Every structure is written in C-alpha cells, then in structure tokens.
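Protein chains in written order, with my numbering: chain A, 1 to 368; chain B, 1001 to 1059.
For the record, the hints were derived by calculation from the structure and aren't laboratory data. None of the values given here were measured: they were computed from a predicted structure. Some clues are possibly wrong.
[Claimed, not checked] Here are some chain A residues the structure puts well away from chain B; computed CB gaps all over 10 Å:
1) 55
2) 56
3) 174
4) 221
5) 227
6) 240
7) 246
8) 269
9) 329
10) 348
[As the list claims (entries may be wrong)] Among the chain A residues that face chain B by a calculated CB cut under 10 Å, a handful are:
11) 62
12) 63
13) 64
14) 164
Where a beta carbon is used, it is the ideal one built from N, C-alpha and C, also for glycine.
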Amino acid sequence: MARGTLVSELRTVPEDAAAVLDLVETQGWGDGFPVIPPTEERVQAMLEATPLPPSHVVGVVEPRRGEATVEKIAVNAVLAGCKPEYFPAVLAAVEAVCEPRFNLYALNTTTCCATPALMLNGPARQRLGIECGYSCLGQSGRANATIGRALRLVMRNVGGAIPGAVSKSVFGQPGRVSLCFGEWEERSPWPPFHVRRGFGPTDSVVTAACATGTQDIADIWAETGEELIWVLAHSIDWIGNNKVLVKQEQGDMLLLLCPDFAHKIARDGIDVPRMQRMLLEWTRAPIERWHRAHWRKLEQRGYVEGNTVPLARDPGQFLIAVAGGESGHHALYFCTFGLTWSVSKRFALDEAYAGGESCELPGAGSAR
Amino acid sequence: MLVTAVFENLGRTAALAQGYPALPLLALPHPMESRPEAEVRAIARQRFDELIGLIAEEV
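The shape of chain A in the complex, shown without the other chains (with noise of 0.2 Å):
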C-alpha cells in the first residue's frame, strides 16, 4: 500500500545497470560508486518502514538548507541499497547531523575531511545485521555500508555538499563514502555507551559522531590499564591535529576500544569516568612541541595553560566505545575537527520510525 502521494521527479532511465550509474554521475547524484534506482514502488517500500508521511521534514540540511523530507531520504536510501528495515535508522541518523549542535554547516562546507561516523546501540545491532566486530568499519556486510552511504548521499543531494563547489575538503576521506558500525556491547566490559548517555539498555540508538579519519593505534607491550590509556593518550595528542585549532572546551572525539583493550584497562578497576580523566591530563602536550613562532597563537587565543596545551577542557569530551574483533592490539580514534558535538538518537523498528529522541548533553547550542 503506498504510504502517500510522492512530489520527486519522475525520470526514464535505462534499464543497463552501467547505463544508470553513468547517469546518476552525469546528474551528480552519486558518490562513483553503483546505485540502485529509487522506482516508486522501491520508495513506496522504504516508506513502509516509517509511519510519518513522505512530506514530513525530518531537518533541514546545510549549507544549502534543503528539506530532509522522509521522501527524499527514501529516495537516497533506495540509492545507497539500503533494506527497507535499516530505514528508521537512516531517519534518526539524518535528524541526528541536523541538530544544531552537530554543525553540519561547518562539517559540509570545511576545508578539513570531517565525516559523520555513526555508531549504533541496542537491539537493532542484531535484527539490522550491524557489524559490531571485525573490520566492523569497512568491508563488513550491508547494513553498515549503506546506512552510513545513504545519510552521505542525503548530504549531497539534499545539503548540497558537493565536492569544490560547495564541500572544501581537500582531501576528502573514504569514509565520506560511508561511515557507520555498532559498538560491541556484548563484549564490553562498561555499560553501553547509549546507556551512559541516558538511554535504556533495551532502546536502539544511532549516534552522529564527527571523524577526521580512522586513526589507529597499536599496542603490544603495556601490561596494564594505565600503560595502555598512556599509549592511548599520547596517541591522540598531536600537534597537527585539527582539534587543536578551535576552542579546547569545543567538540568530542570518540575512541573506539577493541574488547581486549577495554578488559585489559577494566580489569585494573578503571570504570570510563576514570579512563576519560586519564586522557583529558594526559593529552595535554608541552608547548615546546610547538615552534616557538606558534606560542604567541597559542597564548593569544587562550590555549596555553601552564606550560601545555590541553587538547579538551572536560573529561566528557572524550567519548568511549567499544568495537572491533578480538584479534586485539588495535584502538581507534576518530579526531574531531573541533566544531561539532556528537548527537545521540533514539529509533524503534517495531513501532516504527516516528520521530528521533534525544538525551540532554553538554554542549548544546555551542557547536558554531
């Protein structure tokens, strides 16, 4: 049964699958990679996933202030290959970015490669296929390469983040492609993240985090929790890092612990309070790192303290989860570009998608 009357264009294309994808390149509507053509019968199926009516705008994307309505998410989610049943978590992925304190204005229009990186939480890991495991952050099946595509497709088309025309990233990143995973709750040792933020154990939630890249960080040797946050710390403090460009009490970053990381510093009694203040004094770097034209920079917007530089103001800052495959020796940080923080939304697949809820967290309103 078709949910309503869709507006969208209605184009001829050919049935090649080769012939499409040069379309859809020649129009700009894609990311080079093969897409699905968004049939009416394919969007009329996506919407089927949400009780809200194809003409309800979920947000409004930056910088181009396009109207994210659930139709023309449709559209785009059928274009990435989303199922119709990862629908409700794109909605709350694109309701997410929109939020203000996201900064999508600042994230599609920088000069840095900033991405959304999404993290899901709660039953809808398992009934969606969310690898939370190995390689969890490419190559690793459907569900995480097409959420997180369709909300970068919903960017473009939508928010008009074209690369150079609008979008200045000079390099962009692959993750601009797509950029979402699960955390590993069932192999973390700490409570959920989306329980820390307020959310129940039982609730599904996406998460928009700000990622420069995927930053790894290798440890064999330390033999306890406080050695291994060391490494950690000292993995995350460099100069070049484009958090130390903007205000330090501005914007969070999200490292993520292989389950045996997490147990190894758990298993020395430290809860993620701790481990965020370890990070949040361990980060600060010598100002002799810098060259010496640069401290006067540094001093004259406010970022020197003592002799350091802190690289965050607040524990919280730092935000802590847990994915990957048990393999080991790997963390994974992604470096924020400063100018967002991380918003959290809660989706249903049982009731279906009518509207994300948020928790309350620090920051609001101070991303710009």
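Following the hints, complete the assembly by docking chain B onto the known chain A.
For chain B alone, kept in the frame of chain A given last:
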C-alpha cells in the same frame, strides 16, 4: 559578505539558501590566515573602499 576566493561558490550558495540571492559578496585572496599581518593589512586597505561600496548596496 566577506569570503576568500575559494569560498566564493559556497558564499553564493549560502546566500541563496538564506533567501538573499543578490547579497553583495567580496572575495579576498586565499588563504588569509597564513599571511603576515602586514600583508593582511595591505589587502584590507586596498579593498576597503570596495567593501564599503558593497555594504551600501541595496539587497
């Protein structure tokens, strides 16, 4: 609106999105932040009258 040259397209897109397609826009050399202060001041002096003229325009 002041932009540096590579952001001119973005400036026009943003102005259009906000409902001001004819918003006067002055594009300055890019990049700006890594230039010596004296050079930035010279650019400011050179483009000042042009900027004032644009501000006075009706949108």
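Now the hints, each set against the structure:
With 10 Å as the threshold on Cβ separation, the claim that residue 55/A sits away from chain B holds: the shortest Cβ distance comes to roughly 20 Å. A cut-off of 10 Å between C-beta atoms confirms that residue 56/A is not in contact with chain B; the least separation is 21 Å. With a cut of 10 Å on Cβ distances, residue 174/A stays outside the contact zone with chain B, its closest approach being about 23 Å. Residue 221/A, annotated as away from the interface, keeps every beta carbon of chain B farther than 10 Å; the closest lies near 39 Å.
Annotated as non-interface, residue 227/A keeps its C-beta farther than 10 Å from every C-beta of chain B; the closest such distance is 39 Å. With a least beta-carbon separation of about 14 Å from chain B, residue 240/A lies farther than 10 Å from that chain, consistent with its non-interface assignment. With a cut of 10 Å on Cβ distances, residue 246/A stays outside the contact zone with chain B, its closest approach being about 13 Å. Every beta carbon of chain B lies more than 10 Å from that of residue 269/A, the smallest distance being close to 46 Å; the non-interface claim holds.
Chain B leaves residue 329/A outside its interface by the beta-carbon criterion, the shortest separation being 39 Å against a cut-off of 10 Å. Remark: the non-interface label on residue 348/A is consistent with the geometry, its nearest Cβ contact in chain B lying 32 Å away (cut-off 10 Å). Because the beta carbon of residue 62/A sits about 8 Å from the nearest beta carbon in chain B, less than 10 Å, this interface hint is met. Hint status for residue 63/A: holds, given a least beta-carbon distance of 5 Å to chain B, under 10 Å.
For residue 64/A, the shortest C-beta to C-beta distance to chain B is roughly 5 Å, which falls under 10 Å, so the interface hint holds. For residue 164/A, the shortest C-beta to C-beta distance to chain B is roughly 8 Å, which falls under 10 Å, so the interface hint holds.
In this structure, every one of the numbered hints holds.
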